[in-house]
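> Construct the complete structure from the given sequences, taking the supplied hints into account.
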Amino acid sequence: MLSLVIQNAVAGSAIGLLYGLIGLGVVLFFQTTNLMNFAHISSAMLGAYLCYTYTVMWKLPFALAIVMAVMSVALYGLLLKRFVYAPLAKRKGGRLEFIIATLMLSVFLLNAVIVVWGGVPLPFQGLFGSDRFPIFLGNVVIQYHSLFVLAYITVFVIALQYFFTRTMTGKSLRAVAQNPRAARLMGINVDRMLNLSFMLSTGVTALAGILLIPVYFVSLDLGSGIIGVKGFACAVMGGMKRPYQALLGGVLIGLAENFVVLFVSSTYRDVITFLFLIIFLVLRKQAEA
Amino acid sequence: MERFKKVIPLLAVALFLVIPLVDDNQYHVYMLNRALINCMVATGLVALTGFAGQMSLGHAAFYGIGAYATALLTVRVGFPVWLGIISAGAICLLVGMVLSLPSFKVSGFYLSLVTISFGNIVWMLIVNWHSLTRGPLGFPGIPSITLGTQPLSRVGFFYVSAVVLGLMTLALYRLSRSYIGRGMKAMSDDEQATETAGIDTKRMKVLVFSLSALYGGIAGGLYAHLSNFLSPESFVFSESANFVAMAVVGGLRSIYGGVVGGLVVTIIPELLRVKGWEIYYLMGSSLAILLLVIMLPSGIAPAVQNVYNRLGARLGIGGSGSGSNGNGSGNGSAAAVRGDSKSGGR
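Heads up: the protein sequence lines correspond to chains A and B, in order.
Sequence positions in the first sequence follow our numbering and run 1 to 289.
Sequence positions in the second sequence follow our numbering and run 1 to 346.
Just to be clear, a hint being listed does not mean it is correct.
[As the list claims (entries may be wrong)] Derived coverage of chain B by chain A (criterion: at least 3 residues anywhere in the stretch with Cβ under 8 Å from a Cβ of chain A; other residues may be distant):
1) 116-128
2) 271-282
[Said to hold, decoys possible] Non-contacting residues of chain B with respect to chain A, defined by C-beta distances greater than 10 Å in every case (computed):
3) 49
4) 78
5) 79
6) 112
7) 237
8) 245
9) 315
Honestly, the hints are just simulated from the structure, not real lab data.
Only a predicted model underlies this, so the values are computations on that prediction, with no experimental measurement involved.
Backbone N, C-alpha and C fix where the C-beta goes; we use that ideal spot for every residue, glycine too.
Written out as structure tokens, the structure reads:
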């Protein structure tokens, strides 16, 4: 029993870190725009599909494919700002209009992916050693995927921390997130920082989407609402302002999910996740958005 | 002259009501029926989001609860159809009251997350509760609405739902002009100021949530008896998003927003269903709605009203303001409500 618990704890934290990564993207977006992008999870889907195209169809090495996929999705983030955010802001569209515009964008992207890649989940073998045997530590079975996720996210967090605390651009971004007007007075180009935060938010989510491939395959499930809402849940648990707390919230959600499957039922796993989210939202202290 | 201004909208409604008599195509009539049903849900959302400022991205849940409630009651219990639809509305009313509880503490994006979660929970229950809903297999054999002994034709259904929609819009219109309606608008502008003015915002929220849930439930009940078969696919999250899209496209702050948006958003995909381009039609329709939202964030109904008023002013017909009910009165503030209640509005 203990080995089963440990096993589930490891797998749960790994997938939770990925939810957290999606939540981190949500936080990065919310910090600068004060908006939630409901097409957020589409970036994960786009990242996974593009990565598939680059590796399987163009036969590029996997590491290069990841970088290219993340870059491409970041470019899509720029388009998102140029063609959805900016026109809406110009016409004084409120939050609800932005929600609906991005929701429709996510439907559009889902159908665009169906047109380009087809609706059938694509197999993507050999990724993150998923076809190798898992590691046995006594009775505990650990998937290679979990270790890969841990490694990637550690590297990523160190890089992000370096960017935010040591580089001028990162510091400016944080300044804009705190107070755009004061940042503008300090000579920071707020619009460029906004561009950057769109790119960062979509790029981070694309990375999460690629790392989620062994769990969901390269499928439309990656662009579906349920994972997206889990990402939002992580961001909310992180207080919408603190990126690393979102990662922590993700780990909590991942663990809760895995233990619900272990001890309660797998059919109602997501029901319980959503109930948790509602209760958490209602019990939060300051619930102003 | 003033009379002339009122004639044109009535003429448009009359023209719309004649369509099923002229068009023999059963599929067209069926889609019009679906559009009217969608209009009901969207009208409920206009009340909830446009007037009271509460977001809901889970209205497909009410639609689904209503549909399955009347299906179960008529098939398993043997209720007559009309009683089934009414009980569906009543059940949704109660569920709506429960859903209004989180809105006491949560607002904005967080409320939309709560409602999304609620919608997903209901959907998962529909899919997984096999003994009650038959899950993904679908629920067959739901009786049609009968008139006397004869089942109602699709054209007949069109008029029944048109009357229901008309009543719903009328009720909303009356409500928006009442103490409660003004209180709701004040609440969406500034909740704290409204409470300071002595309005019980919690009561307003319970009321508006249950009202829009009632609209959703009745719409779902009608849908169940229109299609005679239910499958969980009709109640997924994207359906909720579609309902809100209808309300936004039509115009959240306008009473007719739900009706206009429901028709436009239901008809757009059908127009794009061109032979040989079937895979593209969902892509095209979502793009079209996206463009509509970006170009006209305040919706079609107010835009049409503006153009209409300007035309009227140019032709020298009447004043420019009198025709824009619903739109112009959208900026009720807490102070206005207070004045209203003092002068014996309640």
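> All the hints need checking, so say for each whether the structure fits it.
To see whether the hints hold, each was checked on the structure:
With 8 residues carrying a beta carbon less than 8 Å from a beta carbon of chain A, the stretch 116-128 of chain B meets the three-residue requirement, and the given coverage holds. Counting residues of the stretch 271-282 of chain B whose beta-carbon sits less than 8 Å from any beta-carbon of chain A gives 3, enough to reach three: the coverage restraint holds. Chain A draws residue 49/B into its interface by the beta-carbon criterion, the shortest separation being 6 Å against a cut-off of 10 Å. Even its closest Cβ contact with chain A, about 31 Å, leaves residue 78/B beyond 10 Å, as expected for a residue assigned away from the interface.
Every CB of chain A is more than 10 Å from the CB of residue 79/B (nearest about 29 Å), matching its label as outside the interface. The claim that residue 112/B is not at the interface with chain A is violated, since a C-beta of that chain comes within 10 Å of its own (minimum 7 Å). The Cβ of residue 237/B does not lie farther than 10 Å from every Cβ of chain A; its closest approach is about 4 Å, which violates its non-interface assignment. A Cβ of chain A approaches the Cβ of residue 245/B within 10 Å, the least distance being about 5 Å, so the stated non-interface status is violated.
Under the 10 Å C-beta cut-off, the non-interface status given to residue 315/B relative to chain A holds; the minimum distance is some 28 Å.
Going through the hint list in order, the structure does not satisfy hints 3, 6, 7 and 8.
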